[in-house]
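Novice: Assemble the whole structure, with the sequences as input and the hints as a guide.
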Amino acid sequence: MVIKSYYVFRLEFHDNNSYNLFRKIDVVGMSDFELLSYLSSIIYAEGHIKIKRINSRILFDSLEIDMKKKSSIESLIKVCRLIGIHLKSYNRLKRKHKVYYIRDRHLIEEIMDIVHLNWKWVKLLASLNKIDLCTYALTKLYDHVILNHIVGKFFSKQPLTDKEISILRRVINIESISRTRTRASILYTSLINSVDDVMDLIKSLQHNNYIIGYMCYSQNNELSFFYKHCFRQYINN
Amino acid sequence: MVRNSIGYKIAFLAGLIEGDGNLYAYPNSHRRYVRIYTPDLSEVLWIVKTSKEVFGKLPIIGLDRPRGNKKLLCI
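Sequence order for the protein chains is A and B. Positions in the first sequence are counted from 1; adding 109 to them yields my numbering. Positions in the second sequence are counted from 1; adding 356 to them yields my numbering.
Mixed in with the good hints, there may be bad ones.
Taking lysine-lysine pairs in the DSS-like style, the calculated list, with each CA pair at most 30 Å apart, reads [claimed, not checked]: (1) B:Lys413 x A:Lys262; (2) A:Lys266 x B:Lys408; (3) B:Lys413 x A:Lys133; (4) A:Lys159 x A:Lys187; (5) A:Lys197 x A:Lys207; (6) A:Lys207 x B:Lys413; (7) A:Lys187 x B:Lys365; (8) B:Lys365 x A:Lys133; (9) A:Lys207 x B:Lys365; (10) A:Lys262 x B:Lys405; (11) A:Lys266 x B:Lys405; (12) B:Lys408 x A:Lys262; (13) B:Lys365 x A:Lys178; (14) A:Lys197 x B:Lys365; (15) A:Lys187 x A:Lys133; (16) B:Lys413 x A:Lys266; (17) A:Lys272 x B:Lys405; (18) A:Lys177 x B:Lys365; (19) B:Lys405 x A:Lys133; (20) A:Lys197 x A:Lys179; (21) B:Lys365 x A:Lys159; (22) A:Lys197 x A:Lys159.
Hints listed in this document are in silico derivations from the structure and should not be mistaken for laboratory results.
Specialist: Okay, here's the thing in structure tokens:
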């Protein structure tokens, strides 16, 4: 058994234009929809979905945002005041930061809709089965097992196995894989845009290594319903 | 559509930087840049595609040291 860490990507814009653009961003001058998309991307970055379990049913509970930076809290509250949302909050036990949460179903659906508009394949998944644990699980599976594990390795200097190269060829649209092209341009030509692509990719792995390893991990470390409700239907088929 | 406008995409990027990223400025030089950290590859793909539209440029991507308690077991 090997323990592997996630890869953390660092994206940099070395460009005064982009710096000025983000420094000058003023929430007061934004339109309502821009405000909402600003809010939903903060939630995408910092927030998480809370799920509750009643008997065997899994229900959506709320969207939560953990905030530590003071400036972020100020801008978050400013945005919410401008849209007219009242954020409720409570203090995290034993930690110093506050947690803000939203329970308004209508607003949450709107936020999820904006996020899905960008992450196309998540939207497709969500349209099949709403936003629920399954979406969450497949998101994790796609990102952290298949892509981060293999594509992340491609960016480092670790050797790639034959199997990983064949997966990479499907993820990244190039004939022969060389590490000389710029990373951003390689990702720019990526073919993976939809859930069907992801599902094909998972099927082509024949449920080996990555998926099984991830399932064992989630079975041991996450709650067992995570396994039952998310993975079983894909693994049995 | 309104949702695909540049203003909306900039707002979304700004929110991502507020959440996951930082602005860097050096006091004695003109060097300034924007940085985003993320473990999420779909986010990376989106940022790469959007920055091409917004700035006409691709960002520099690097890998950071693996951080925190995010570990993955492979059998």
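Novice: So, against the hints stated earlier in the document, which numbers end up violated here?
Specialist: Violated: hint 6 alone.
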